[in-house]
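Residue numbers (the working numbering), protein chains in the order written: chain W, 1 to 114; chain F, 1001 to 1109.
These are calculated hints, taken from the structure and not from any lab test. As the structure is a computational prediction, the values presented were derived from the model and not from experiment. None of the hints are false.
Some chain F residues near chain W, calculated using beta-carbon distances under 7 Å:
#: 1; residue: L1044
#: 2; residue: G1095
#: 3; residue: K1096
Straight-line alpha carbon distances no greater than 30 Å define the calculated DSS-like cross-link-like pairs of lysine-lysine that follow:
#: 4; chain 1: W; residue 1: K71; chain 2: W; residue 2: K57
#: 5; chain 1: F; residue 1: K1015; chain 2: F; residue 2: K1057
#: 6; chain 1: F; residue 1: K1022; chain 2: F; residue 2: K1009
#: 7; chain 1: F; residue 1: K1057; chain 2: F; residue 2: K1022
#: 8; chain 1: F; residue 1: K1009; chain 2: W; residue 2: K57
#: 9; chain 1: F; residue 1: K1009; chain 2: W; residue 2: K11
#: 10; chain 1: F; residue 1: K1065; chain 2: W; residue 2: K57
#: 11; chain 1: F; residue 1: K1073; chain 2: F; residue 2: K1015
#: 12; chain 1: F; residue 1: K1015; chain 2: F; residue 2: K1108
Cβ atoms here follow ideal geometry from the backbone N, Cα and C, with glycine treated the same way.
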Amino acid sequence: DTGVSQDPRHKITKRGQNVTFRCDPISEHNRLYWYRQTLGQGPEFLTYFQNEAQLEKSRLLSDRFSAERPKGSFSTLEIQRTEQGDSAMYLCASSLARENTEAFFGQGTRLTVV
Amino acid sequence: AQRVTQPEKLLSVFKGAPVELKCNYSYSGSPELFWYVQYSRQRLQLLLRHISRESIKGFTADLNKGETSFHLKKPFAQEEDSAMYYCALGSSNTGKLIFGQGTTLQVKP
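All chains, please: the whole structure from these sequences, using the hints.
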């Protein structure tokens, strides 16, 4: 599968623990996005990178969340001191930097905080 | 504020019936609009975009700037169309997407 891949697919963690998710985009895509999706809602934008630069962060992204894309390839999303409200599906997407371009999504990481 | 509204959470039709999934948006500039679909146990994928004005799997969507709508239509629903459909508004500068809440389409035999 040469699409966007995310790891792990599922993560169960205890409240207060830190978790880290990884996203590998399609290799030639210079843009990478993180979204969060809760039950019954559409995906909500969290942050995006163009190459290695993080260019926008949503107000949804509290200071417990940090994302990196160190070499402009894969990205990690870390959540520190997890809370039950962080339970959600975390989606990664990648695209080329042009107008009306298609975003390709990964299968997501489902986080459950107990 | 930029917003996408999909008023129906669930749309249930019989096979062969026409389908219209509603989408309204709020955006001050020139919108980029998309329909994404998620079939059971599959990832979210693009169905169509307003700029291409094409029919994909028999679906079409017309951008109506006066009504700020981008409804998705298909004249004859098939069982394999059953899925979750999301309308999304894209930013031309960043490619960021703002999604509606989604509509589950259920096509009954």
